[in-house]
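Chains Z and U, in that order, give the protein sequences. Adding 3 to a residue's 1-based position in the first sequence gives its number in this note's numbering. Adding 3 to a residue's 1-based position in the second sequence gives its number in this note's numbering.
Some hints here could point you the wrong way.
The list cannot tell twin chains apart, which means a pair is met if one copy fits it or any two copies do.
What the hints assert, rightly or not - With a straight-line Cα cutoff of 20 Å, these simulated PhoX-like cross-link-like pairs (lysine-lysine) come out: (1) K8 / K159; (2) K121 / K43; (3) K8 / K121; (4) K242 / K121; (5) K209 / K8; (6) K165 / K232; (7) K232 / K242; (8) K160 / K232; (9) K160 / K209; (10) K160 / K121; (11) K8 / K43; (12) K159 / K209; (13) K121 / K209; (14) K8 / K232; (15) K242 / K159; (16) K232 / K209; (17) K8 / K160.
To be clear, the hints were calculated from the coordinates, so they are not data collected in a lab.
2 protein chains.
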Amino acid sequence: MVRYKLLIEYDGTDFHGWQLQPDVRTVQGEIEQALQTVFKDRLRLSAAGRTDTGVHAAGQVAHFDAPHFLPVERIRGSLNALTGRDVVVHAVDEVDETFHARFSAQARQYFYRIALQKTAIHRRLAFYPGQLPHVPAMQEAAQCLMGSHDFRAFSKKIPGEKHYLCDVEQVEWFREGEMLIFRIRANRFLHSMIRLLIGGLIKVGKGQLSPQQFAEILHSRQQNNTIYKAPANGLCLEKVYYPRHHA
Amino acid sequence: MVRYKLLIEYDGTDFHGWQLQPDVRTVQGEIEQALQTVFKDRLRLSAAGRTDTGVHAAGQVAHFDAPHFLPVERIRGSLNALTGRDVVVHAVDEVDETFHARFSAQARQYFYRIALQKTAIHRRLAFYPGQLPHVPAMQEAAQCLMGSHDFRAFSKKIPGEKHYLCDVEQVEWFREGEMLIFRIRANRFLHSMIRLLIGGLIKVGKGQLSPQQFAEILHSRQQNNTIYKAPANGLCLEKVYYPRHHA
């Protein structure tokens, strides 16, 4: 048995998310099908982050156990040949059995692209929420996310979840042309968390919520019905962090 | 009769180019159909640059003559509602009858996006030519394009064309993440010219042609069979320049 780690990029637009489901196209399903052709065996992928329908990944990480060794470059070439053009396997590495794409991950980094004007060219990769007259307030509001917080206010209810604590290590905004990009790194993210955060931050950008009110919602630890979930197309799993010996 | 000028962005991936053709989806056809709904009349669009199949535009300019006045914001709203999500009309302006989208244009600016690594997310907007070990040589080679030159070496044969002279006003390379972007502004471009230039520059980047040989091909004024046409998806009409009174 040989364990392999994959570094995967995908355009989530035409996928029903990462996770395998019957009768629909998913990233996991697409790559597992390719693995079956390569290894003549039904293999199971585990991913660091199971992205939702329409969410992209620049640096998704997954692992699988193969019944026998094959050279990593041959696996990479075959997977790229056998999957759609909206999936690229950038790297294949042999790893030891202590590596687990999900459980070994120390942090995940996502970004969310907000288009500052309506766009045709970037519409698959960015969300245009209409005019945002208060961008500096959005930047100010996001500061309260840094550190360790109970993010219940920005999560779907998760049955059986033990706690809603997340350690946010980095929050950053930057411009790329007519795009405003929000980047966040944390040890974990709750379901829908980033899209709910962006929904709240967009309200701040529109002047419907002050940075103080945004912080109060966070600290209330209660779901807030006025916060909507921003669309999937702006969201991208950028990078997964592992301990040095697994990096 | 009222003349209107349109500023248009489109993702060319799912269009058979700008120019109206029967039975296929073209940008001109899509917008003219919307204009017919708005003005209850068959109107004709003239564009600054008739982009080929798969070529994008961030700032295409076109004009049309309407049988009667309508507020520009109403035209813009209607056109955006009536065309696909891969077309955005950013501005509608009333112009006088001396303005012609094509003949009044003083210069056109295009860029071409070269992906430095294979990409899923940006595959519709960038061309990945494989490894380019000699990027500085590409940048050096492009310098010979500045100024007034006969570009016959980088053009399809054009029946009835009087001359192949183009005045290149700007040539620029810049990086955006894992993208290498070539920007060029000239008073005019010949058919397939930029895609043939990029094909040649990619040969320089691969070490198959020196900057000197690239310059010799230009100065030979003869079509060169070793130069291939780079794919349409990397090319984008960025901006059209008009005299100040028409800008």
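Exercise. Okay, which hints does this one fail, numbers in order?
Worked result: 1, 2, 5, 6, 7, 9, 10, 12, 14, 15 and 17
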